[in-house]
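Chain B: place on chain A using the hints.
Protein chains: 2
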Amino acid sequence: MTARPIPEPFENLHDRILDVVGEEGVVAEAGEMARYLAEERGRFVGKAAFVVRPANTREVAEVVKLCAEAGIGIVPQGGNTSMVGGSIPFEEGDEIVLSLERLNRIRALDADNFTMTVEAGVILQEVQQAAAAADRLFPLSLGAEGSCRIGGNISTNAGGVQVLRYGNTRELVLGLEVVLPDGRIWDGLRALRKDNTGYDLKQLFIGAEGSLGIVTAAVLKLYARPREIVTAFVAVPDPAAALALLSRLRGASGESVTSFEILPRLGLEFTLRHIEGCRDPLEAAHPWYVLVELFGGREDGGLRELLEEALAEALEGSLVLDATLAETEAKRRELWRLREAMSEAQKFEGGSIKHDVSVPVSSVPAFIAEAGALVTELIPGCRPVPFGHLGDGNIHFNVSQPLPEAGGDFAPGKAAYLARWDEMNRAVHDLVVRRFHGSISAEHGIGRMKLAENERFKSAVELDLLRTVKKALDPHGIMNRGKVV
Amino acid sequence: MTARPIPEPFENLHDRILDVVGEEGVVAEAGEMARYLAEERGRFVGKAAFVVRPANTREVAEVVKLCAEAGIGIVPQGGNTSMVGGSIPFEEGDEIVLSLERLNRIRALDADNFTMTVEAGVILQEVQQAAAAADRLFPLSLGAEGSCRIGGNISTNAGGVQVLRYGNTRELVLGLEVVLPDGRIWDGLRALRKDNTGYDLKQLFIGAEGSLGIVTAAVLKLYARPREIVTAFVAVPDPAAALALLSRLRGASGESVTSFEILPRLGLEFTLRHIEGCRDPLEAAHPWYVLVELFGGREDGGLRELLEEALAEALEGSLVLDATLAETEAKRRELWRLREAMSEAQKFEGGSIKHDVSVPVSSVPAFIAEAGALVTELIPGCRPVPFGHLGDGNIHFNVSQPLPEAGGDFAPGKAAYLARWDEMNRAVHDLVVRRFHGSISAEHGIGRMKLAENERFKSAVELDLLRTVKKALDPHGIMNRGKVV
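In order, the protein sequence lines correspond to chains A and B.
No gaps in the numbering here: position 59 of the first sequence is 59 in our numbering, and each next residue is one more.
No gaps in the numbering here: position 424 of the second sequence is 424 in our numbering, and each next residue is one more.
By construction, these hints were calculated from the structure, which means they are not laboratory data.
Among the clues, some could well be false.
One copy or two, either will do: identical chains are not told apart, so a pair holds if it fits within one copy or between any two.
Listed below are the simulated DSS-like cross-link pairs for lysine-lysine, each with C-alpha atoms no more than 30 Å apart in a straight line [claimed, not checked]:
{"no.": "1", "residue 1": "K458", "residue 2": "K471"}
{"no.": "2", "residue 1": "K414", "residue 2": "K65"}
{"no.": "3", "residue 1": "K65", "residue 2": "K347"}
{"no.": "4", "residue 1": "K331", "residue 2": "K414"}
{"no.": "5", "residue 1": "K414", "residue 2": "K471"}
{"no.": "6", "residue 1": "K414", "residue 2": "K47"}
{"no.": "7", "residue 1": "K65", "residue 2": "K47"}
{"no.": "8", "residue 1": "K347", "residue 2": "K331"}
{"no.": "9", "residue 1": "K65", "residue 2": "K471"}
So that you can see chain A by itself, here it is in the shape it has in the complex (with noise of 0.2 Å):
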């Protein structure tokens, strides 16, 4: 036991739950405590009567069925990474979390099903690395694999950037394991590709942000490992040109383009300015970029050369101003390293207010200049740097705090200048909705940070309808309350 008191309404139920979870699964302790209750950047700090760590399914289940019992509400969490506060509990302390962390193991691997059943904690990485193993490729990949963990990938829906080629997570899953918010316990783990045996209720879980019960096991698709991977980094005079590319790639390949993002001069000047070892791949500056990437299913399959013809052809028709290729793995992490280090080079620039939106993909050339001249009538001097996923139309319209006068530090107007967070995401968000009929969190969710903001836009309809799920699954509203709807 912990030395810390627990607070009174909770005692009863801190000893009910530690009868079932033991000692490892209870923490109590401020400090320990810690980590489960602010994420990364600091943004959200909340409090929990206790965080419980069950061991496996059955104990999450009992747990969740205590809690329902005393109507104390539960706050899921996988790996905290969540960008929105949706795995950190609010400030009052009445609720608890649950971690998964625990539930880590990898139950099964069916090569010749291309599948694997994995439990809610399992590492993203570790998944990954588990499919390879097998001569099989899990393609999810996102910036905090390292970090975040599957379930929590699932609840969020987690995109990242092979979504072209292989979908959302959602496209991912085949099967779910959930405990339900009265503590049922609903076996979904199906490893099927056809099943239309009534409604697919893993669609409910998938998203929900745990927000309508606790998704503790998955069955998940594998694909065939590529082999062969031919990536370039190439110069385009704009957004427009780069989606042409995009369609024109898409066609000449088979459908064999796993990665395309798009990524301004301005970013890559951060990028070179502030992270150390990167340099600018091509010999002179060009106002836009495309990181592309090709997976294809043979070594020396001629994807290069597909590749290869398709810029030179468009460097003919100026659609593509220079290009390079990867020759070989060092110099690919390179490249990718120079769009991963896009939001932590902007860090060195000052504050920047980020949107993770989404519009068609034809619509993206004119969303960036139309977000780029609204944000720019707002806060002169502000400086977008919008870049991401345009194979997927989901662009980070990350803006820049304006150059501090006479070239001083940016600290000064920092404040300010992030001050005016809400009002420049309304009024993006706006633009996104009303103009493009795009959305306002194109992978991020929703958890707690977009609730207001998302209300603006759906309609009395689809409130309603998404309050109805809600209320159908979770009557008594203890999971993860307050978020998502």
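Same frame as chain A, now just chain B:
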């Protein structure tokens, strides 16, 4: 107005609906109604007060609202090609049929977004053709494509012969417009690849067989049109060899395998015997065959050589016994004809008891062996013809009646054989679910035909979840009642 009198309790409703949809929108004459009340096989023949054919979404909504107020059940209907009676009203005649056939416009096609917006009544083949005209592929492909309608495909999560590469209909839908059971319209017609702003509501209506609302329009995903199609007819010693060949080809081709269909020798013999113009494409007889098709991005992109090499290697290892590649489009169609004729050819061999089941792909060989032994024990002499989508683990396990004694015709024993339909279904389904954790309806859905059988296998928790969803969305139970759940 029509001559046939409207049943008294529906008179008022009929007149009010007539005001909404006009004369062209109501069919009440028995002869004209017939095609809406029975399906092609004549297995289900229902009754209805009348048939409504609204011309647009607003009319659908108003009709539904009037029915909801009157408490009258609605059977939504697309192309009426359901295999399980899902589109046929019950015999009581106290429902109306709402046909979507007049909502048949293609609203938009956005080639750079790889999307198309269509109304529910567009025939699948017209969707395919419109995509092709824009140099795109809509990959859903199945036997009824000339008459089924896209709203029905969506409402049944249709499968078909290209699921291995492109997924079921569910994976091909980005957005939906739905008329809810109270007549409100939910506009979820988003054309986005990524959108995590709450529960993915469209998933509720996909595959719900019209029991939660009426799909009136959808945004569909398109793909690059293939430039190279390679098709082979391959003889293999057994299903295990077919499975090993599938894994090898998926890996070697970078997931270019689009179709992988298995056929037993007996099925081919039926076809050669009964279907005009079919011939054995290989010199000798072999126990099993696979029809494999690969889609590639480039004309002469090397897929043919890849397949030839892989088959040659497999021949050496005795995984493959013989093979032929289609050299022309005409030859390709000939090979496909052998696969497509499977059901038709069985009609000439007496009664056939059918199953549309799926198991993990890796379990298909064991399933075929054990199911074959099981039905043979049940009805000695019966002739299993398991064929279909090995690549999806989806086998159409059809069993022809025993050969007539003394070589006569099949008629005398047919009725007695078919009388054992339910008994054989139960035995095969038990095996599918209890031994292989498979599905008793892989792609056809539940409708009314499989309702009781489905309830035998669903857990109490799952049945409760299914009914909870139904009750939440359709509290008065007017949408396709008595079906699905």
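Hints versus structure:
For a Cα distance limit of 30 Å, the shortest separation of K458 from K471 qualifies both inside one copy, at 18 Å, and across copies, at 23 Å. When the C-alpha separation of K414 and K65 is checked against a cutoff of 30 Å, the pair qualifies neither within a copy, at 47 Å, nor between copies, at 54 Å. Neither within a single protomer nor between protomers do K65 and K347 lie at most 30 Å apart by alpha-carbon distance, with minima of 44 Å and 54 Å respectively. In this assembly of identical chains, K331 and K414 lie within 30 Å of each other by CA distance neither inside one copy nor across copies; the values are 36 Å within and 69 Å between.
In the homo-oligomer, the alpha carbons of K414 and K471 never lie at most 30 Å apart, since the shortest distance is 42 Å inside one protomer and 52 Å across protomers. Only within a single protomer do K414 and K47 lie at most 30 Å apart by alpha-carbon distance; the minimum there is 28 Å, versus 71 Å between protomers. In this homomeric assembly, K65 and K47 come within 30 Å of each other (Cα to Cα) only inside a single copy, at 22 Å, whereas the closest approach across copies is 47 Å. Proximity of K347 to K331 under the C-alpha cut-off of 30 Å is restricted to the intra-copy arrangement: shortest distance 25 Å within a copy versus 61 Å between copies.
Proximity of K65 and K471 under a CA criterion of 30 Å is satisfied in both settings, with 18 Å inside one chain copy and 24 Å between copies.
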